[in-house]
Amino acid sequence: MFQVTSIKRIRHAAVAGASALALGAGAAVWATSAAQAAPPPAIAPLCATSALSVWVDADQSSGAAGTIAYPLEFTNHGPRACTLRGYPGVSATTLGGRQLGDAASRQPVFPATPVVIPAGGTAHADLYWHDAEVFTSGCRPTAASLIKVYPPNSKTAQVGFFSLQACTVKHHGYLSVSVIRGGPRLDP
Amino acid sequence: MLKVSRRAAASAAAVLALGAGSLTWAATSASAATAKPAAPAYVPRPCNTSQLAAWVNADSADGTAGTTYYHLDLTNTGGRACWLYGWPGVSAVNWAGRQLGVPAVRRGPAHPGIVNVAPGGTAHALLGYVDVQLSPSCRPATATFLRVYPPASRNARHAFFPLPVCTTRTWDLTIGPIQYGA
Numbered sequence: 001m002f003q004v005t006s007i008k009r010i011r012h013a014a015v016a017g018a019s020a021l022a023l024g025a026g027a028a029v030w031a032t033s034a035a036q037a038a039p040p041p042a043i044a045p046l047c048a049t050s051a052l053s054v055w056v057d058a059d060q061s062s063g064a065a066g067t068i069a070y071p072l073e074f075t076n077h078g079p080r081a082c083t084l085r086g087y088p089g090v091s092a093t094t095l096g097g098r099q100l101g102d103a104a105s106r107q108p109v110f111p112a113t114p115v116v117i118p119a120g121g122t123a124h125a126d127l128y129w130h131d132a133e134v135f136t137s138g139c140r141p142t143a144a145s146l147i148k149v150y151p152p153n154s155k156t157a158q159v160g161f162f163s164l165q166a167c168t169v170k171h172h173g174y175l176s177v178s179v180i181r182g183g184p185r186l187d188p
Numbered sequence: 001m002l003k004v005s006r007r008a009a010a011s012a013a014a015v016l017a018l019g020a021g022s023l024t025w026a027a028t029s030a031s032a033a034t035a036k037p038a039a040p041a042y043v044p045r046p047c048n049t050s051q052l053a054a055w056v057n058a059d060s061a062d063g064t065a066g067t068t069y070y071h072l073d074l075t076n077t078g079g080r081a082c083w084l085y086g087w088p089g090v091s092a093v094n095w096a097g098r099q100l101g102v103p104a105v106r107r108g109p110a111h112p113g114i115v116n117v118a119p120g121g122t123a124h125a126l127l128g129y130v131d132v133q134l135s136p137s138c139r140p141a142t143a144t145f146l147r148v149y150p151p152a153s154r155n156a157r158h159a160f161f162p163l164p165v166c167t168t169r170t171w172d173l174t175i176g177p178i179q180y181g182a
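For the protein sequence lines, the chains are P and A, in the order given.
The first sequence runs 1 to 188 under the working numbering.
The second sequence runs 1 to 182 under the working numbering.
Bound conformation, chain P alone:
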């Protein structure tokens, strides 16, 4: 419920911004009051992968029947705001970079919207670790060391430390990931 409401609000603001531009100066007063109701979507270039650090917050986890969600964080250490939109490509690897089992599948819980990360700021995707699959499916688990993350529309990856157990055989989907969302906190 909460998510749907806020997404609608953002869409509303985007439409309002576009009409203000189309109508010109006459609409300025109206546009200002609309902006007070909800911040307008900022426009920023796509994030260069080299400006991002990726990491998983081990303390912010949320568990439910066989699955634990963690925020997969994207910190913009570049000097300017930048935008990410959509799903990252995610897999768990050894310290040497060897992939462990299947890459994360896409969890379509939220629609993809552009997320602006201010300079020094952090956005996140929800990363679902299916512990039931890891521990009860016979997928020969071992401790992972790294999470390898391709930001949306990027052909280069960044890595973060990741100490959870991972499947070592294919066709055991033990990771899935949502689209990127604003802020560093896991979605409720």
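If you're looking for bench data, these hints aren't it; they were derived computationally from the structure.
Remember, predicted model here, so these are calculated numbers, not experimental data.
The beta carbon of each residue, even a glycine, is placed where N, CA and C say it ideally should be.
Heads up, some of the hints might be wrong.
[To be verified] Footprint (simulated), chain A over chain P, 3 or more residues, beta carbon under 8 Å:
| no. | segment |
| --- | --- |
| 1 | 58-67 |
| 2 | 78-86 |
| 3 | 96-108 |
| 4 | 158-171 |
| 5 | 176-188 |
Dock chain A against chain P, hints included.
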């Protein structure tokens, strides 16, 4: 959301417990909360550990002669700016939370600065890691986390840290004071 509802539940419970005499106070604080939206006057306060996330930036590695330096980052996941001052307390732990070896040794200047961290922003401390493969006599074991006590805090945060560390009294980690930036 969960935290907000818990807090709301807690204050509702407090009002019920205190009875009618506290209704005025409850109403005042509620209206004060409504009157102050997302951008209050900037009042710096120390970071509460519950509003921090700790992480080691795996891509920040910078090595010299057997020691690798990483950024140990502290991200403000809360909605308010806060400040950090001094050295975090750092030790390596296994999956069960048992400490491996000795805590990180403090390094750096005698008088570090106060570092303000914006909501969603990040500060860091320089973490030195001695490659323990070079000293097998310290009986290395693979850690799972770094347990990180932010300065002046008795509560810890956990950063994934899947590297081998010493399990003897031999030190293999150093930590500098909190600095600006990720």
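To see whether the hints hold, each was checked on the structure:
Only when three residues or more bring their CB closer than 8 Å to a CB of chain A does the claim for the segment 58-67 of chain P stand; here the count is 3, and the claim holds. Residues of the segment 78-86 of chain P lying with their CB closer than 8 Å to a CB of chain A number 0, which falls below the three-residue condition for coverage. With 0 residues having a Cβ less than 8 Å from any Cβ of chain A, the segment 96-108 of chain P misses the three-residue criterion, and the hint is violated. Given a C-beta distance limit of less than 8 Å, the hint that chain A covers the segment 158-171 of chain P holds, as 6 residues qualify and 3 suffice.
Coverage of a stretch by a chain is defined here by at least three residues with a beta carbon nearer than 8 Å to that chain's beta carbons; for the segment 176-188 of chain P and chain A the count is 4, and the condition holds.
In this structure, the hints that do not hold are numbers 2, 3, in rising order.
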